[in-house]
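Residue numbers (numbering that gives the first Met the number 0), protein chains in the order written: chain H, 0 to 424; chain D, 0 to 424; chain A, 0 to 424; chain S, 0 to 424.
Keep in mind the hints are simulated off the structure, nothing from the lab.
Every value quoted in this text rests on a predicted model; they were computed, and no experiment measured them.
Be aware that one or more of the hints could be misleading.
Stated by the list, open to error - Just some of the chain S residues that point at chain D, by a computed CB distance under 7 Å:
hint	residue
1	Arg69
2	Ser238
3	Pro239
4	Gln240
Stated by the list, open to error - With a Cα cut of at most 20 Å, we get these calculated SDA-like pairs of lysine to any residue:
hint	chain 1	residue 1	chain 2	residue 2
5	A	Lys346	A	Ile422
6	A	Lys326	D	Arg3
7	D	Lys326	A	Thr279
8	H	Lys53	H	Trp38
9	S	Lys95	S	Arg160
10	D	Lys53	D	His41
Claimed, not checked - Residues from chain S that face chain D, not an exhaustive set, calculated with beta carbons under 8 Å:
hint	residue
11	Arg3
12	Ser217
13	Thr254
14	Ala258
15	Thr279
We put the beta carbon where it would ideally sit given N, CA and C, even for glycine.
There are 4 protein chains.
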Amino acid sequence: MAARFAAAVRWRRDLHRHPQPGWLEFYATGLIAAKLTEWGYHLQLGRDIIDEGKHFLLPNAATLQREYERALEAGVKEEFIAPARGGFTGVVGTLKGSRPGPTVGFRFDIDGNEVTESTHGSHRPAAEGFASRYPGYAHMCGHDAHAAMGLLLALYFAANRDRIRGTVKFFFQPNEENLCGAWAMTEKGLLDDLDYLFGGHVGVVDGRSGTIALDVHSFLALSRFEVTYTGRSTHAGLSPQEGKNALLGACAAVTNLHAVARHGRGPTRINVGTLEAGTTWNVIPERAFFRLETRGINDELNTYMVQKAGRVLEGAAVMYDLILDVKPVATAPGGRNSPELVALGTKVARRLPSVREVIPEAAFNASEDFTVMMKRVQERGGKALFVLFGTPTFGGHHSSSFDIDEEVIMTGSEFLAAVQAEITA
Amino acid sequence: MAARFAAAVRWRRDLHRHPQPGWLEFYATGLIAAKLTEWGYHLQLGRDIIDEGKHFLLPNAATLQREYERALEAGVKEEFIAPARGGFTGVVGTLKGSRPGPTVGFRFDIDGNEVTESTHGSHRPAAEGFASRYPGYAHMCGHDAHAAMGLLLALYFAANRDRIRGTVKFFFQPNEENLCGAWAMTEKGLLDDLDYLFGGHVGVVDGRSGTIALDVHSFLALSRFEVTYTGRSTHAGLSPQEGKNALLGACAAVTNLHAVARHGRGPTRINVGTLEAGTTWNVIPERAFFRLETRGINDELNTYMVQKAGRVLEGAAVMYDLILDVKPVATAPGGRNSPELVALGTKVARRLPSVREVIPEAAFNASEDFTVMMKRVQERGGKALFVLFGTPTFGGHHSSSFDIDEEVIMTGSEFLAAVQAEITA
Amino acid sequence: MAARFAAAVRWRRDLHRHPQPGWLEFYATGLIAAKLTEWGYHLQLGRDIIDEGKHFLLPNAATLQREYERALEAGVKEEFIAPARGGFTGVVGTLKGSRPGPTVGFRFDIDGNEVTESTHGSHRPAAEGFASRYPGYAHMCGHDAHAAMGLLLALYFAANRDRIRGTVKFFFQPNEENLCGAWAMTEKGLLDDLDYLFGGHVGVVDGRSGTIALDVHSFLALSRFEVTYTGRSTHAGLSPQEGKNALLGACAAVTNLHAVARHGRGPTRINVGTLEAGTTWNVIPERAFFRLETRGINDELNTYMVQKAGRVLEGAAVMYDLILDVKPVATAPGGRNSPELVALGTKVARRLPSVREVIPEAAFNASEDFTVMMKRVQERGGKALFVLFGTPTFGGHHSSSFDIDEEVIMTGSEFLAAVQAEITA
Amino acid sequence: MAARFAAAVRWRRDLHRHPQPGWLEFYATGLIAAKLTEWGYHLQLGRDIIDEGKHFLLPNAATLQREYERALEAGVKEEFIAPARGGFTGVVGTLKGSRPGPTVGFRFDIDGNEVTESTHGSHRPAAEGFASRYPGYAHMCGHDAHAAMGLLLALYFAANRDRIRGTVKFFFQPNEENLCGAWAMTEKGLLDDLDYLFGGHVGVVDGRSGTIALDVHSFLALSRFEVTYTGRSTHAGLSPQEGKNALLGACAAVTNLHAVARHGRGPTRINVGTLEAGTTWNVIPERAFFRLETRGINDELNTYMVQKAGRVLEGAAVMYDLILDVKPVATAPGGRNSPELVALGTKVARRLPSVREVIPEAAFNASEDFTVMMKRVQERGGKALFVLFGTPTFGGHHSSSFDIDEEVIMTGSEFLAAVQAEITA
């Protein structure tokens, strides 16, 4: 086990050195696919696991190609990433145990962040030589540790296959940061055979490694849209009356979107994060594009915001005689851990020596696209649990000096193995 | 003639003492109806001359009643104003000459202003004792002179009936100030038998009496609307999500109405002159009401503004899920004097000793609901002319010290009589 | 005691018949002042208890006069209400016990609502003949019961004066509904000698009489402002460039006020409840007036909203070159019951037979200007408690059929007497 | 003369083949500088003629370098364009005649447009092989003809130097399209020694070559600004209260800029032509950038718009607590041809056989940065004239198929030579 943990640390550092953001995780895809294949897992890749109709927020072709080539240069075998070409990253691996039993899923997200990593001597990856090799990209949210935890767990099941009851199914999910990846995997029906689903995140709860939170709540429901208004350009000096001003429409929309009445029964959020419009000084803008995000403490409240926002968007189009295009590109519903699994997990955690503390309840207060999968599993009668694995983080998530205590990889892996054993006991 | 002029001055001063604004001109209606009856005119009154479907901007019932009673107290015979009860003011009087000929219409507006008249010794009505007896109301736009000019002209035709060719038809029109009266009269079809129509205004061109302008242009096309948004009130603290905020809708509308792209081919205007919304601090406003006005240098440009405004109004309703009610309450199209009458009038004016100067052309640069009548007459093949009769005005139109040189009453009357004679010669 | 309770019910019904809203509570003032005088209390009235600098939201002079006269006609002695003339209503009464001890304050609000009371047979005040005699006004928030509860308590102390330790001080406060009265009383320094302060409300917690809640929290901090923009009017057709458009400024303010970023750490609210601007169609509005309200779950969050709102108001003034006047007219800070009094009250409540249930904690989720007084007392080292006294309410607060179970008057009075005894024991 | 005209056509076609937009006119600069040097003109170049403080709207370094290299590749001698490196394009050339007399300036603009030229066979440059060699750039506003006209005129003066009285000074001005070039030249004081200044444009008046308009008016005064709001970014979900939303500020500004009251005394325009803000979905935008343009029929009206716009910009900064940066980057005042030169030019034109028609007056109805120079000359007591030289244009200005009748080059050159002779006669 110590040997396996040392390997897991190596995998994590290897992934840390080769971070690639959403839909570009060719290196991670190749590394994981190679390992799972070696360990006897049945693999699914590429368009078999990513729904093309939900393949949103894709980087441009040049970036896709560059990152694909980077992965090859870094030593990944092309056979494992050829199916991912064009951004269809991620790996699903399945292993049948030797004895009958339920199907238990495990989801680990694998994407990096668009952040340049600290080179400061106090930042361990820099000091110990496993910092990101790709400028502008880095694993600053711990998904490298998630992937390593998944691999360690997968290896455990493979090594103990003869004792395993039921089936284990691993989802190494791309593009969690943009809240796109879970949607694209879920739409392929890949979770529909699960009886149980587990996922988690490192470092959200403070404290030393060994801390764990199981009654995690307050996943913010979230929706993201790309909004485009199209009008008609005209010379602003000579014939303003001929124009249909997409920028004025967008400004009316943006202002009034932020003025939507907030819900009385809990937190909601709305943000227009970017806006681009127009071409030059003396031309009335024909096109305006912006990115809109809503959130709510639960599905009902987020749906309220989406509906109110929809009216505002439509109204601004009517005001300025514009064509409106609203494209939903990311989603995360609210969600709630299955109480049975919270109870079972608590029982398991209390008897594991590596778990030093079980935090009674924790508000996540952010969005996670694990909830897309959780909702699907629960709607079909399964149960799901999202766990917070404590670790010190040095810098905040997404900061350039984020890091973890690698022990959390083992803690998480052990806990999940023990839970699977308990379920199938 | 001198005797008649002295009478006309008395009528003007009598009207000046009893000013009543739009739809309240009971005193003027009674005085004029009595005179025309005495002189043998065929009268039309009340609902026969005011279309109920266009009877907009009516004062409240208490005011209507108060002013009706004031007129009776001031000595008007009830038989002449009973048909006007409820705001159906104005008089149409027709006289057939002894010889055949065309039908020539003359329009004089009779309403006062909501202004309190100056009591200063330098203001002649105050100094000579014919200032307004009704606080808050006064003839500060010269419509008292218009009415007197019309009566003097009507008396002239009656006195010379045996020499008159054709028919003369007088329109003593209420409520010009709100641009409602001409619309209501026109809709009754009262102008549809006219071959010619004349109207005018005193004091718009500077200069001494005897100045006259015939090529008058730049009547601003105008439209006025009462706009109401109805939403749903709710407690702003407890359940903001239940509301449909009519004030937010109105504010979005008002701001974006003023942002409508102005037309490249000439002046346009837009104004929201009033807004009222809501009931108290902690309730989301259920209702918002405002007054909207558009203008353009001609019908096309005003129509452009109305259409753009309509979209904005509708869009704000969509934005905040409101019911929109837009009620057009006043209108004045653009217009242009018939060139034949400009030429004929110029010929006549040049030979009248009382006309000292004919101004070649004059921009009106304001709105006049005479254009509603002008347009109707011209559309049916008739000709129309709006004349500016110069007079010093002492204070500006609508100011509390506006006054005229009463000689303009005779100048105008003589000119119009001479034009009628020329047409029917 | 039963006799006293019967009297308290009569007082409550008397007050119920003569409801008068904020600053108009002449009848209640007269009735209470007469009783307290009779019972030996030292009285303070009029400008001695209402700070003129915080005398906000005063009704107009005609209404003040009418309601003053109504109180006289209803039998109140002028000597008791003459000091209140002009809206300086309310009564402060002090009684020194025979033995030394702390000063304990009791606050009861006495104003009625601007609601027309139900005349339906199912509404007890209507059925039993004590419904409001003043159309448009009614006690639909239970302040009549509060006043009766206060009188019953005052009578108890007077009757037992020889056994009372310390001083009791009663604040019969006007104008709680507009959140003005407590501010005006507090500014006079009247609470500065208190060691303890108690207040409460009937009917906020559901359930039968005898229910009581002591750990009351979530008082929403609230601020109300009257906002006026003054610009310059001009003719909207002729010279729009001369104007400074107060309505456009107000609309920019209103929209952007609602777009203020909500706080991430708890509920906040903002509302513009009314807006009035302008005079007529063709004049650019010179003046716009609106009512603005902010709330927050605590003082910090409300202060955040007030500061953000202030910037928006100022910015709109800069935009349209307007003079801005912001008048704070009502306030209620957040607040929290003193834990010592919650504990003490709980102990007392548990041993009183009339208290059937003590609710562990209750969110008030609204604003109460008692918090102004509470904050003052606590800041000076005193302790304060706001209690919820359960009663069925038949219709909701402020509805036309709101009513109470009068037993709550006695329950409340007994509880407060017992608490005072415990404190001074 | 025919030989010279043939040369002028060659120059024009050479320039047409090598179009470069504002601040990138290296080819034209090199060609013109070489010719003027050859002809004995005193040259000024680079930073001697372009004020660094007004060197606005500079293309990026890569584009500057690319176009510089293109010019060298196309055969321009480096000595003539080295001073222009970095975008300091343009040429000023001075020639003293042999006899004393006034200093007469001639301004010709030389920049191309960002348009891709038509390749259709009906487009003469395409058919005859002198179409643009630079994709995305083309001379679609006739500035190639202006430059050729200037060279032809310069050659004429050089060839006739012994008969020339006074001094002639040529301004081959860069970047007219962005209305930057004249400002940058004028600030260097280069026009301060002129007694007369002439400029013109081909093809604005319809009709055949030989048509000329001298009483040109209605130059729209124009101002352009780059506006930046800087606030503070924050996570839109977790801590919206920490942000200062630059996009909301910009939207408030944009909407209210378009709502500025239009002036009653003539046309005004306002346009926000582009807007860019923010980085991603869940971050409150820290920065917003937009391009603002105002116009007015004269300086007074444009100044009115600039002042009103300034208030709105400032107000939005106050609203959202943003830092505002407003950078004026282009300007063109209104202007009016000196009446003496209109008269003199008319006299001259009438006796030239090549001038077939003198149009009495023509409204320019657009902006031209010649007015910057005109104003400077007139303010210092000199006289200035802007002439419209008629030519058919095939496609509209800035369209991909714009072309001219090359005869206009000679017409213009002859006319300007004749005017110079008349002035100095």
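Hints, one by one, checked against the model:
Hint on arginine 69 (chain S) is violated. Least Cβ distance to chain D is approximately 38 Å, over the 7 Å limit. For serine 238 (chain S), the interface hint is violated, the least distance from its beta-carbon to any beta-carbon of chain D being 22 Å, above 7 Å. With 7 Å as the threshold, the beta carbon of proline 239 (chain S) stays out of range of chain D, its nearest partner Cβ sitting at about 17 Å, so the hint is violated. For glutamine 240 (chain S), the suggested interface contact is broken, since its CB lies about 18 Å from the closest CB of chain D, more than 7 Å.
At most 20 Å may separate the alpha-carbon atoms for a hinted pair to count; lysine 346 (chain A) and isoleucine 422 (chain A) meet this at roughly 12 Å. As the CA atoms of lysine 326 (chain A) and arginine 3 (chain D) are separated by approximately 62 Å, the hinted pair breaks the 20 Å bound. Distance check on the hinted pair: lysine 326 (chain D) and threonine 279 (chain A) sit about 16 Å apart at the alpha-carbon level, within 20 Å; holds. Among the hinted pairs, lysine 53 (chain H) with tryptophan 38 (chain H) is inconsistent with the structure: their alpha-carbon atoms are about 31 Å apart, more than 20 Å.
Restraint check for lysine 95 (chain S) and arginine 160 (chain S): the C-alpha separation of about 8 Å stays at or below 20 Å, so the hint holds. Distance restraint check for lysine 53 (chain D) and histidine 41 (chain D): the Cα-Cα separation of roughly 24 Å exceeds the 20 Å cut-off, and the hinted pair is therefore not satisfied. Nearest Cβ of chain D to the Cβ of arginine 3 (chain S): about 42 Å, over the 8 Å cut. The hint is violated. A hinted interface residue such as serine 217 (chain S) counts as satisfied when its beta carbon comes closer than 8 Å to some beta carbon of chain D; here the least separation is about 13 Å, so the hint is violated.
A hinted interface residue such as threonine 254 (chain S) counts as satisfied when its beta carbon comes closer than 8 Å to some beta carbon of chain D; here the least separation is about 6 Å, so the hint holds. Taking 8 Å as the C-beta contact cut-off toward chain D, the hint placing alanine 258 (chain S) at the interface holds, the least distance being around 4 Å. About 26 Å separates the beta-carbon of threonine 279 (chain S) from the nearest beta-carbon of chain D, more than 8 Å, and the hint is not met.
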